[in-house]
Amino acid sequence: MPLQSLDILRRSATTTPSTQVRAPVEVAKLIDVTTCIGCKACQVACSEWNDIREEVGECVGVYDNPRDLSANAWTVMRFNETEENGKLEWLIRKDGCMHCADPGCLKSCPSPGAIIQYKNGIVDFNEENCIGCGYCVTGCPFNVPRISKQDNKAYKCSLCSDRVAVGQEPACVKTCPTGAIQFGSKEDMKEVAAGRVAELKTRGYDQAGLYDPQGVGGTHVMYVLHHADKPGLYSGLPANPTISPLVSLWKGVAKPLATLVLAGVALGSLFHYVTTGPNEVAKEIEDEIEAEDREKEDAQ
Amino acid sequence: MIRDPKDLKRYTASERANHWVVGMCFILLALSGLAFFHPAFFPLTQFFGGPVWARILHPFIGILMAVSFVSIFLRFRKLNLMTATDVEWLKRSREMVTGDDHNMPEQGKYNGGQKMLFWVLAIGMLLMTVSGILIWRAYFHFDITLVRLGAVVHAGMAAVMIALIFVHVYAAIWVKGTIRAMWYGTVTRAWAKQHHRAWYRQVTGK
Ligand code: HEM
Ligand code: SF4
Numbered sequence: 000m001p002l003q004s005l006d007i008l009r010r011s012a013t014t015t016p017s018t019q020v021r022a023p024v025e026v027a028k029l030i031d032v033t034t035c036i037g038c039k040a041c042q043v044a045c046s047e048w049n050d051i052r053e054e055v056g057e058c059v060g061v062y063d064n065p066r067d068l069s070a071n072a073w074t075v076m077r078f079n080e081t082e083e084n085g086k087l088e089w090l091i092r093k094d095g096c097m098h099c100a101d102p103g104c105l106k107s108c109p110s111p112g113a114i115i116q117y118k119n120g121i122v123d124f125n126e127e128n129c130i131g132c133g134y135c136v137t138g139c140p141f142n143v144p145r146i147s148k149q150d151n152k153a154y155k156c157s158l159c160s161d162r163v164a165v166g167q168e169p170a171c172v173k174t175c176p177t178g179a180i181q182f183g184s185k186e187d188m189k190e191v192a193a194g195r196v197a198e199l200k201t202r203g204y205d206q207a208g209l210y211d212p213q214g215v216g217g218t219h220v221m222y223v224l225h226h227a228d229k230p231g232l233y234s235g236l237p238a239n240p241t242i243s244p245l246v247s248l249w250k251g252v253a254k255p256l257a258t259l260v261l262a263g264v265a266l267g268s269l270f271h272y273v274t275t276g277p278n279e280v281a282k283e284i285e286d287e288i289e290a291e292d293r294e295k296e297d298a299q
Numbered sequence: 000m001i002r003d004p005k006d007l008k009r010y011t012a013s014e015r016a017n018h019w020v021v022g023m024c025f026i027l028l029a030l031s032g033l034a035f036f037h038p039a040f041f042p043l044t045q046f047f048g049g050p051v052w053a054r055i056l057h058p059f060i061g062i063l064m065a066v067s068f069v070s071i072f073l074r075f076r077k078l079n080l081m082t083a084t085d086v087e088w089l090k091r092s093r094e095m096v097t098g099d100d101h102n103m104p105e106q107g108k109y110n111g112g113q114k115m116l117f118w119v120l121a122i123g124m125l126l127m128t129v130s131g132i133l134i135w136r137a138y139f140h141f142d143i144t145l146v147r148l149g150a151v152v153h154a155g156m157a158a159v160m161i162a163l164i165f166v167h168v169y170a171a172i173w174v175k176g177t178i179r180a181m182w183y184g185t186v187t188r189a190w191a192k193q194h195h196r197a198w199y200r201q202v203t204g205k
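Each protein sequence line maps, in turn, to chains V and Z.
Going by numbering that gives the first Met the number 0, the first residue of the first sequence is number 0, and it counts up by one from there.
Going by numbering that gives the first Met the number 0, the first residue of the second sequence is number 0, and it counts up by one from there.
Think of the hints as simulated: they come from the structure by calculation, not from any bench.
Here the structure is a predicted model, which is why all the values come from computation and not from measurement.
Mixed in with the good hints there might be a few duds.
[Said to hold, decoys possible] As a list, the in silico BS3-like pairs of lysine-lysine whose alpha-carbon atoms are at most 25 Å apart:
{"hint": "1", "chain 1": "V", "residue 1": "LYS189", "chain 2": "Z", "residue 2": "LYS77"}
{"hint": "2", "chain 1": "V", "residue 1": "LYS282", "chain 2": "Z", "residue 2": "LYS77"}
{"hint": "3", "chain 1": "Z", "residue 1": "LYS8", "chain 2": "Z", "residue 2": "LYS108"}
{"hint": "4", "chain 1": "V", "residue 1": "LYS295", "chain 2": "Z", "residue 2": "LYS8"}
{"hint": "5", "chain 1": "V", "residue 1": "LYS295", "chain 2": "V", "residue 2": "LYS282"}
{"hint": "6", "chain 1": "Z", "residue 1": "LYS5", "chain 2": "Z", "residue 2": "LYS90"}
{"hint": "7", "chain 1": "Z", "residue 1": "LYS175", "chain 2": "Z", "residue 2": "LYS5"}
{"hint": "8", "chain 1": "V", "residue 1": "LYS39", "chain 2": "V", "residue 2": "LYS254"}
{"hint": "9", "chain 1": "V", "residue 1": "LYS189", "chain 2": "V", "residue 2": "LYS254"}
{"hint": "10", "chain 1": "V", "residue 1": "LYS295", "chain 2": "Z", "residue 2": "LYS77"}
{"hint": "11", "chain 1": "Z", "residue 1": "LYS90", "chain 2": "Z", "residue 2": "LYS8"}
{"hint": "12", "chain 1": "V", "residue 1": "LYS152", "chain 2": "V", "residue 2": "LYS189"}
{"hint": "13", "chain 1": "V", "residue 1": "LYS189", "chain 2": "V", "residue 2": "LYS118"}
{"hint": "14", "chain 1": "V", "residue 1": "LYS39", "chain 2": "V", "residue 2": "LYS118"}
{"hint": "15", "chain 1": "V", "residue 1": "LYS39", "chain 2": "V", "residue 2": "LYS282"}
{"hint": "16", "chain 1": "Z", "residue 1": "LYS90", "chain 2": "Z", "residue 2": "LYS175"}
{"hint": "17", "chain 1": "Z", "residue 1": "LYS175", "chain 2": "Z", "residue 2": "LYS205"}
{"hint": "18", "chain 1": "Z", "residue 1": "LYS108", "chain 2": "Z", "residue 2": "LYS205"}
{"hint": "19", "chain 1": "Z", "residue 1": "LYS175", "chain 2": "V", "residue 2": "LYS282"}
{"hint": "20", "chain 1": "V", "residue 1": "LYS148", "chain 2": "Z", "residue 2": "LYS8"}
{"hint": "21", "chain 1": "Z", "residue 1": "LYS8", "chain 2": "V", "residue 2": "LYS282"}
{"hint": "22", "chain 1": "V", "residue 1": "LYS173", "chain 2": "V", "residue 2": "LYS148"}
{"hint": "23", "chain 1": "Z", "residue 1": "LYS90", "chain 2": "V", "residue 2": "LYS295"}
{"hint": "24", "chain 1": "Z", "residue 1": "LYS5", "chain 2": "Z", "residue 2": "LYS205"}
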């Protein structure tokens, strides 16, 4: 990725600025949950383009298949039945990485360059640099990254960074037969969403709205929801996702401070030694013991 | 150095070996752990055959250290019970640090500072082991909040323990004649009389 490497906003475990002279436009994927029919064409396209195959599972009586995200399934459809306004509703959400503007995964990762955030907003895992510690799983507010059992590396949706880099839309977007997944600049996608939300409101979905959670600085995968007031209905989509305060505490200013304190203790010890000198056994005590020994010998 | 047959025995060979196992594990854990702690330390992974090996090895070394520390704990816990003299010693530890230890209260085998270190390290080892297992993703899958808590405790306690061990090692270097106690187990009578007079009286009967 020689040219894309000029578009890097942030890099995990890196304290100096990344290469970012270019300023590509911020992109977003808009998933209109109200238009999705749950056909899973996007799952198949993802599997095809990225050339990953989850093992064929078993039917457990629900449509969810595979049942969860994995190193080989970067997006899955989650189906939930609920009763809203006295009617049965079948809510289907395409789950996967949200490409947060403030990514908890990247904040947590200890390996330089294993996670990068492009200036266009895509958060990408660079498995070559991944050490398999799982800190990204600890940091993600959406429970997205998965560690492969095969190679102990972390995997997740790349928003088809390879396709986007050459001006194409992600594979799932390309495939969706109902147009429920759209891709473009984040600005444009917000506009498209606003139009759709207005339309849903005229059809009686008073709480329709856009899901672009500001707790993580907004996301580069957004949802149009009929019940934006209750994201939890959509198979546990978090209402106010943020990087956990525990993760912020763990990865915040405490660490550089602790590093300085450790350096201070080491240097403090050195300077203590050179200023007060070693704590030697006193000459008088040595003499006392020698005198005792001599007395004893004389007595014998 | 000529070893005087009248030197006092402070540690048995098995106590020394036990201490060295814990000490070496601790150094390896601190080096590999710090590598994940902050990017400034990431190059330390090279001591372990690269970052992936550092990630794999660290928790196993941790388990070895935890087990060896249990043994140290059982051997030394009785000797580290705090007494009123220890509290007195701790209150006046400033005098000790400035290098003037002539008026310090008489100490048994361990002084108040050493005993404090023993108990803080014991609690630290327990917290490090529990939190370390919570964040050991390769083999365990705990609730996410527990894992996050584990990460905070592990990183925070690691910094505290590393600072304490700096002080522990420095104290041994600063007080001349101490390190040999961990090499071959003996100290001179003068050393004992100066730094641990109550222990000196007890073992020599003087
Ligand atoms: C007692 C048993 C211990 C266990 C089971 C353990 C386990 C772990 C694990 C699983 C990790 C995550 C990285 C990896 O997967 O290798 C880790 C990180 C770490 N460990 Fe330990 N460890 C132990 C003891 C220690 C000790 C004694 C120290 C300090 C000298 C230490 C310092 C660290 C540090 C600084 C980190 C990085 C924390 C961070 O990223 O914020 N560990 N440990
Ligand atoms: S959803 Fe999770 S994995 Fe994706 S960018 Fe946000 S924190 Fe990272």
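Results of checking the hints against the structure:
Straight-line distance between C-alpha atoms of V/LYS189 and Z/LYS77 comes to about 69 Å, which puts the hinted pair past the 25 Å bound. Between V/LYS282 and Z/LYS77 the CA atoms are separated by roughly 33 Å; this puts the pair beyond 25 Å, and the hint is violated. With a C-alpha separation of about 11 Å, the suggested pair Z/LYS8 and Z/LYS108 falls inside the 25 Å cut-off, and the hint holds. For the given pair, V/LYS295 sits about 21 Å from Z/LYS8 by alpha-carbon distance, which is consistent with the 25 Å threshold.
For a cut-off of 25 Å, the pair hint linking V/LYS295 to V/LYS282 stands: about 20 Å separates their Cα positions. The straight-line distance between the Cα atoms of Z/LYS5 and Z/LYS90 is roughly 34 Å, outside the 25 Å bound, and the hint therefore fails. For the hint linking Z/LYS175 to Z/LYS5, the alpha-carbon distance of about 18 Å falls within 25 Å, and the restraint holds. Distance check on the hinted pair: V/LYS39 and V/LYS254 sit about 44 Å apart at the alpha-carbon level, beyond 25 Å; violated.
A threshold of 25 Å between alpha carbons decides the hint, and for V/LYS189 with V/LYS254 the separation of about 38 Å lies outside it, so the pair is violated. At most 25 Å may separate the alpha-carbon atoms for a hinted pair to count; V/LYS295 and Z/LYS77 exceed this at roughly 34 Å. For a cut-off of 25 Å, the pair hint linking Z/LYS90 to Z/LYS8 is broken: about 29 Å separates their Cα positions. A threshold of 25 Å between alpha carbons decides the hint, and for V/LYS152 with V/LYS189 the separation of about 34 Å lies outside it, so the pair is violated.
Proposed proximity of V/LYS189 and V/LYS118 is supported: the alpha carbons are some 18 Å apart, at most 25 Å. Simply put, V/LYS39 and V/LYS118 have alpha-carbon atoms about 30 Å apart, too far for the 25 Å limit, and the pair is violated. The hinted pair formed by V/LYS39 and V/LYS282 fails the criterion: a straight-line CA distance of about 86 Å is larger than 25 Å. Pair hint Z/LYS90 plus Z/LYS175 holds up; C-alpha atoms about 23 Å apart against a cutoff of 25 Å.
Taken as a hint, the Z/LYS175 and Z/LYS205 pair is honoured in the structure, with Cα atoms around 23 Å apart against an allowance of 25 Å. Under the criterion of a C-alpha separation no larger than 25 Å, the hint pairing Z/LYS108 with Z/LYS205 is consistent with the structure, at around 15 Å. Simply put, Z/LYS175 and V/LYS282 have alpha-carbon atoms about 13 Å apart, close enough for the 25 Å limit, and the pair holds. Between V/LYS148 and Z/LYS8, the direct Cα distance comes to roughly 52 Å. Violation of the 25 Å bound is thereby established for this hinted pair.
With a CA separation close to 22 Å, the supplied pair Z/LYS8 and V/LYS282 stays within the 25 Å bound. Restraint check for V/LYS173 and V/LYS148: not satisfied, since their Cα atoms lie roughly 30 Å apart, outside the 25 Å limit. A threshold of 25 Å between alpha carbons decides the hint, and for Z/LYS90 with V/LYS295 the separation of about 38 Å lies outside it, so the pair is violated. Using a Cα cut-off of 25 Å, the hinted pair Z/LYS5 and Z/LYS205 holds, with the two alpha carbons roughly 14 Å apart.
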